[in-house]
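Protein chains in written order, with my numbering: chain A, 1 to 375; chain B, 1 to 362; chain C, 1 to 327.
In short, the hints are calculated from the structure, not lab data. It is possible that some hints are incorrect.
Unchecked claim - Each pair of labels, with its calculated beta carbon distance range:
1) B:Leu61 to A:Ala171: 14 to 22 Å
2) C:Ser78 to A:Ala181: 37 to 45 Å
3) A:Asp45 to B:Val157: 38 to 46 Å
4) B:Leu61 to C:Glu66: 56 to 64 Å
5) C:Val54 to A:Glu214: 27 to 35 Å
6) B:Leu61 to C:Lys75: 40 to 48 Å
7) A:Glu339 to B:Gln300: 24 to 32 Å
8) C:Glu66 to B:Thr137: 50 to 58 Å
9) B:Pro161 to C:Ser78: 41 to 49 Å
10) C:Ala99 to A:Ser222: 21 to 29 Å
Stated by the list, open to error - Below are the EDC-like pairs computed for lysine to aspartate or glutamate, each with C-alpha atoms no more than 16 Å apart in a straight line:
11) C:Lys75 to A:Glu339
12) A:Lys261 to A:Glu152
13) B:Lys263 to B:Glu172
14) A:Lys107 to A:Glu302
15) B:Lys263 to B:Glu245
16) C:Lys75 to A:Glu295
17) A:Lys107 to A:Glu122
18) A:Lys107 to C:Glu70
19) A:Lys261 to A:Glu302
As the list claims (entries may be wrong) - Listing some non-contacts, in silico: residues in chain C with all C-beta distances to chain B over 12 Å:
20) Ser159
21) Leu167
22) Phe168
Note that CB positions come from ideal geometry on N, CA and C, so glycine has one too.
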Amino acid sequence: MKLSRFTRAGSAAAVGVLALTLAACSSSTDSGGGADGASSDSTEDLTGTLAGAGASSQEKAVAGWIAGFGDIAPGVTVSYDAVGSGGGREQFLSGATQFAGSDAALKEDELATATDRCFGGEAIEVPLYISPIAVIYNLPGVDTEHLQLSPETLAKIFNREITTWNDPAIAAENEGVELPATAIIPVNRSDESGTTENFTEYLEAASNGAWPHEASGDWPLSGGQSGQGTQGVVDTVTGAEGAIGYADASRAGDLGTVAIKVGEEYVPFSPEAAAKVVDASPRAADATDKRLVVEIDRTTTEAGAYPLVLISYSIACDTYDKAEDAENVKAYLTYVASEEGQARAAEPSVAGSAPISDALRTEVQAALDSITVTS
Amino acid sequence: MTATDLTPTTPAAPDGPGSLHLVPTQRRLPRWAPWAFAAGGVLVAAGILAVAGNPTVAGVLGLGAVLYAVGLTVTSRFVEGARWATDRLATTLVTFAFLLALIPLGSLLWIVVTRGAKLFGATFLSTDMVGVYGDMTSGGIWHAIVGTLLITGAATVISVPIGLLTAIYLVEYGRGALARWITFLVDVMTGIPSIVAGLFAFALFTLIFGPAYRAGIMGAVALSLLMTPVVIRSVEEMLRLVPNELREASLALGVPKWLTIVKVVLRTSIAGIVTGVMLSIARVIGETAPLLLTVGLITQVNWDLFDGRMATLPVFAYRQYEQGGVGIDRAWAAALTLILIVMLLNLIARLVSRLFSPKTAR
Amino acid sequence: MAVTSPPSTRAGLGSEPTVSATKGGLAGRLFAGLSTGAGILILLVLAAVAVFLVIEAWPALTASPEELQEISWFKADSLLAYIGPLVFGTLLASILALAIAVPVSVGIALFISHYAPRRLAQGLGYLIDLLAAIPSVVYGLWGALWLLPILNPFFTWLSGTLGFVPLFEGYQAPAKNIMSASIVLAVMILPIITAVSREVFLQTPVLHEEASLALGATRWEMVRMAVLPFGRSGVISASMLGLGRALGETMAVLMVISPGFLYSLFLLKPGQQQTIAANIASKFPEASGLAVSTLIATGLALFVITFVVNMIARWIIARRKDFSGAN
Numbered sequence: 001m002k003l004s005r006f007t008r009a010g011s012a013a014a015v016g017v018l019a020l021t022l023a024a025c026s027s028s029t030d031s032g033g034g035a036d037g038a039s040s041d042s043t044e045d046l047t048g049t050l051a052g053a054g055a056s057s058q059e060k061a062v063a064g065w066i067a068g069f070g071d072i073a074p075g076v077t078v079s080y081d082a083v084g085s086g087g088g089r090e091q092f093l094s095g096a097t098q099f100a101g102s103d104a105a106l107k108e109d110e111l112a113t114a115t116d117r118c119f120g121g122e123a124i125e126v127p128l129y130i131s132p133i134a135v136i137y138n139l140p141g142v143d144t145e146h147l148q149l150s151p152e153t154l155a156k157i158f159n160r161e162i163t164t165w166n167d168p169a170i171a172a173e174n175e176g177v178e179l180p181a182t183a184i185i186p187v188n189r190s191d192e193s194g195t196t197e198n199f200t201e202y203l204e205a206a207s208n209g210a211w212p213h214e215a216s217g218d219w220p221l222s223g224g225q226s227g228q229g230t231q232g233v234v235d236t237v238t239g240a241e242g243a244i245g246y247a248d249a250s251r252a253g254d255l256g257t258v259a260i261k262v263g264e265e266y267v268p269f270s271p272e273a274a275a276k277v278v279d280a281s282p283r284a285a286d287a288t289d290k291r292l293v294v295e296i297d298r299t300t301t302e303a304g305a306y307p308l309v310l311i312s313y314s315i316a317c318d319t320y321d322k323a324e325d326a327e328n329v330k331a332y333l334t335y336v337a338s339e340e341g342q343a344r345a346a347e348p349s350v351a352g353s354a355p356i357s358d359a360l361r362t363e364v365q366a367a368l369d370s371i372t373v374t375s
Numbered sequence: 001m002t003a004t005d006l007t008p009t010t011p012a013a014p015d016g017p018g019s020l021h022l023v024p025t026q027r028r029l030p031r032w033a034p035w036a037f038a039a040g041g042v043l044v045a046a047g048i049l050a051v052a053g054n055p056t057v058a059g060v061l062g063l064g065a066v067l068y069a070v071g072l073t074v075t076s077r078f079v080e081g082a083r084w085a086t087d088r089l090a091t092t093l094v095t096f097a098f099l100l101a102l103i104p105l106g107s108l109l110w111i112v113v114t115r116g117a118k119l120f121g122a123t124f125l126s127t128d129m130v131g132v133y134g135d136m137t138s139g140g141i142w143h144a145i146v147g148t149l150l151i152t153g154a155a156t157v158i159s160v161p162i163g164l165l166t167a168i169y170l171v172e173y174g175r176g177a178l179a180r181w182i183t184f185l186v187d188v189m190t191g192i193p194s195i196v197a198g199l200f201a202f203a204l205f206t207l208i209f210g211p212a213y214r215a216g217i218m219g220a221v222a223l224s225l226l227m228t229p230v231v232i233r234s235v236e237e238m239l240r241l242v243p244n245e246l247r248e249a250s251l252a253l254g255v256p257k258w259l260t261i262v263k264v265v266l267r268t269s270i271a272g273i274v275t276g277v278m279l280s281i282a283r284v285i286g287e288t289a290p291l292l293l294t295v296g297l298i299t300q301v302n303w304d305l306f307d308g309r310m311a312t313l314p315v316f317a318y319r320q321y322e323q324g325g326v327g328i329d330r331a332w333a334a335a336l337t338l339i340l341i342v343m344l345l346n347l348i349a350r351l352v353s354r355l356f357s358p359k360t361a362r
Numbered sequence: 001m002a003v004t005s006p007p008s009t010r011a012g013l014g015s016e017p018t019v020s021a022t023k024g025g026l027a028g029r030l031f032a033g034l035s036t037g038a039g040i041l042i043l044l045v046l047a048a049v050a051v052f053l054v055i056e057a058w059p060a061l062t063a064s065p066e067e068l069q070e071i072s073w074f075k076a077d078s079l080l081a082y083i084g085p086l087v088f089g090t091l092l093a094s095i096l097a098l099a100i101a102v103p104v105s106v107g108i109a110l111f112i113s114h115y116a117p118r119r120l121a122q123g124l125g126y127l128i129d130l131l132a133a134i135p136s137v138v139y140g141l142w143g144a145l146w147l148l149p150i151l152n153p154f155f156t157w158l159s160g161t162l163g164f165v166p167l168f169e170g171y172q173a174p175a176k177n178i179m180s181a182s183i184v185l186a187v188m189i190l191p192i193i194t195a196v197s198r199e200v201f202l203q204t205p206v207l208h209e210e211a212s213l214a215l216g217a218t219r220w221e222m223v224r225m226a227v228l229p230f231g232r233s234g235v236i237s238a239s240m241l242g243l244g245r246a247l248g249e250t251m252a253v254l255m256v257i258s259p260g261f262l263y264s265l266f267l268l269k270p271g272q273q274q275t276i277a278a279n280i281a282s283k284f285p286e287a288s289g290l291a292v293s294t295l296i297a298t299g300l301a302l303f304v305i306t307f308v309v310n311m312i313a314r315w316i317i318a319r320r321k322d323f324s325g326a327n
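One chain only, chain A, in its complex shape:
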């Protein structure tokens, strides 16, 4: 029963610092191993972990890529946290991840941070995930494959100026289709998203002023139905007859999808039509050889192009401080950009995305080849 005073005080204090000691027990150990040699041809003997985070739009495609990359580089553990584009860019810039997926290119102030993060190098941004956005609707009684709508009509529908499905404006574009008098319930994304940004950008650019709002990742109107995330929108549209919304095309499921008016014809979404518009679009003003940022031409009149697309970039560094990171990132993104990787994501069951063209692949590969280690 005779404890020294010291022990007593020590035990009493022990509780007080419990949380701290628990925290201190751990220490992040960075395995410094890995091949120093720069033989990037064989991916078989690459090892280590590769962490990425970012846009949820890419998530399904990334799952396919990780599985495919696992076949050719079994030693590398790739993870992808679909925290959202902003979160992905932030984690990448803070050094928490080696690559990011983002529906938007890096902003000006982020580019400055990127230089520090990339050990004095430059950020690489490559458009490796191109996905059509479908305008989905829930009208069980309407028996046409695709309802046909012009950007003007779409803008008026989503701006709540056209409120019933048998409105003359809709009827005029869909001759021979019997439209019900059901009220239109427009559904938007409630969270900030690249899908919303691309959709509003399209409405703003293509609707000849029928869309009075600015393009934004956050839906400009309030007081209507909305859903959290792509699945939230799909669920909400499924939940009410007469609802119309927009979502990643691969998620449209059994819902009807709109053929949008491009030039003089109506084009339903398809990977080919989406790829077409990307090739026809110019680069952004501040794009470089390493930052292949595309300015999508929403008003294109090219036959068979579907300008309502979302481009999600893969963001990486051209310089890493560890050989392991540099090699793994290069090998992984090279696989993603490869014909095989793009074809895998394009499978309807995976992500239904549009494969990038060979011309774009050459440019992407040149950018990826510049990835090196700090000397």
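Following the hints, complete the assembly by docking chains B and C onto the known chain A.
Chains B and C alone, transformed into the frame defined by chain A:
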């Protein structure tokens, strides 16, 4: 607390309390009256709705319940008098409250079991998600089960000692301003939104270990922040219910205060404490938002609580739901697993509390 | 800390059993010290969370409205004008949920403790505890995929019949409105309120109950006069636990509501209200810089709400203390 010296009077006994009344013979409704009214209510409701046009099961039962409550109360008012009518109404409402709670419970379990059963099975439980993509139905949640158990376990190890000791302090030692403040702040702590707890853990750990640090322990700390106040509140409530006479008797026998607390107070309330701890585990084991921020998601097992991302069942379920398609089936199966785990924990807790708690009247 | 070291002479004499009995002895002091330490740790942790919230929210608190408006989703005139409707929505959803859950919970607790056949009671209690075991994501899934379609005809009927009451005006399918969110929240907080209330009701002194029955009271009169007064403070603190959960619940609200940022009492209209927690979860992934600070500032507001709510609850309990049977 012994009820044996008095012959228990069943309050609903037709002529028990009635004999005390001034009125020589108290008129009561027969025992089968409630059942008759229930059947009548449903039938009349079905009739009314059939005439009105659309009899749905929910509509018939809802209207039937209203008719039953009104009919029985009014009849009782005239036959038995106001006091018994009130009693019948109270019985009706209390029973309805219980039945009402069975609707969400029943539908939840039914939907989780039926939709979860699609993928649930030994393979689903024992494999991870490495190499699974697209509409492949293979893959499983072993990695997420491991992650959830490790993280929740760590959170419990942090919260229960702190929570238990704080509750003991508040009930047995705490006097004055400090105790009042702690009680108050524990209440405030119950209101910390889970996502803020996640942000806090995230900031704390990234501050110490750098921005790239991700580990299960971050999630555990966030969860323990949510769990501790629940433990404190429920343990405190249980300790306060231990009659002071027991404490005084023990102290009068010369037993030191701390031994009184450990051997008498905690022993008496152990069943309640275990229930409280179990509820608090249930409260956090399904927590999604803080884990989404701190531990993220991976596709394979990570046994190291202190290094690297981890998969957890709630995050897995939410992410799979967001992916749609097969993912929704996986989400339900993961939810089913989560519920089964908690039920298992609950069973264990009940066993433990039955073994340890002293025999009482109830 | 509160541990005072004993005089060295006494410690040198060794501890007789009598000393340890009266003073508590070494182990007693250790135990008291540990308990106090745990209590103080709670204070420190909470202080750390509060300080962290203020530090992280500071950029938003000091930013000008023009700077804030550069955030894509920030459409209010000032930070206060942004937080205000969120606070309103959070309180509305939580209070509605509490209004639904507390009477039902007390009913269930009474049913289990005093109405159901004793042999059934324990099993029934277990059944309700099961609800507490269901994770919030599942409530979200259940709410979004099962409850909303069920509520649709009911809300259509409600809006059609009582539509002249502004509260129920303007329903639009699917049932993604604050009423649905409150119902899901109510179901979520039901088990925790029920569990605590039930335990408290079961602790009612049997003598009180039997005394009132012996006086000829009906079962309800016994419950009203013996059980409810005894359990009142327990029920109130159980409700506070429930309210705490309702205020901070994220995923379930996120999945069943069509959010809006208005001071609106339309319970069935979509896109009217939003809760703070769901808003943070919805906006956080895409946020960076000042936007994160703004969201954390809303989190700070939630923190303040819990403070105020608890102060009110404390006041109510203190006022009612005299009637409570608990020591």
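Checked hints:
1. B:Leu61 to A:Ala171: 14 to 22 Å: Violated: the Cβ-Cβ distance is about 44 Å, outside 14 to 22 Å.
2. C:Ser78 to A:Ala181: 37 to 45 Å: 43 Å, holds
3. A:Asp45 to B:Val157: 38 to 46 Å: 40 Å, holds
4. B:Leu61 to C:Glu66: 56 to 64 Å: 57 Å, holds
5. C:Val54 to A:Glu214: 27 to 35 Å: 33 Å, holds
6. B:Leu61 to C:Lys75: 40 to 48 Å: At roughly 45 Å between Cβ atoms, C:Lys75 and B:Leu61 fall inside 40 to 48 Å, so the hint holds.
7. A:Glu339 to B:Gln300: 24 to 32 Å: 28 Å, holds
8. C:Glu66 to B:Thr137: 50 to 58 Å: 53 Å, holds
9. B:Pro161 to C:Ser78: 41 to 49 Å: 45 Å, holds
10. C:Ala99 to A:Ser222: 21 to 29 Å: At roughly 26 Å between Cβ atoms, A:Ser222 and C:Ala99 fall inside 21 to 29 Å, so the hint holds.
11. C:Lys75 to A:Glu339: 44 Å, violated
12. A:Lys261 to A:Glu152: Distance of about 9 Å is within 16 Å: holds.
13. B:Lys263 to B:Glu172: 14 Å, holds
14. A:Lys107 to A:Glu302: Answer violated: A:Lys107 to A:Glu302 is near 30 Å, above 16 Å.
15. B:Lys263 to B:Glu245: Cα-Cα ~15 Å, so holds.
16. C:Lys75 to A:Glu295: 27 Å, violated
17. A:Lys107 to A:Glu122: The given pair, whose Cα atoms are some 14 Å apart, holds under the 16 Å limit.
18. A:Lys107 to C:Glu70: 14 Å, holds
19. A:Lys261 to A:Glu302: Satisfied, since the Cα-Cα distance of roughly 11 Å is no more than 16 Å.
20. Ser159: With a cut-off of 12 Å, C:Ser159 remains clear of chain B, as the shortest Cβ separation is near 16 Å.
21. Leu167: 20 Å, holds
22. Phe168: 17 Å, holds
Hints 1, 11, 14, 16, counting from the list given before, are not met by this structure.
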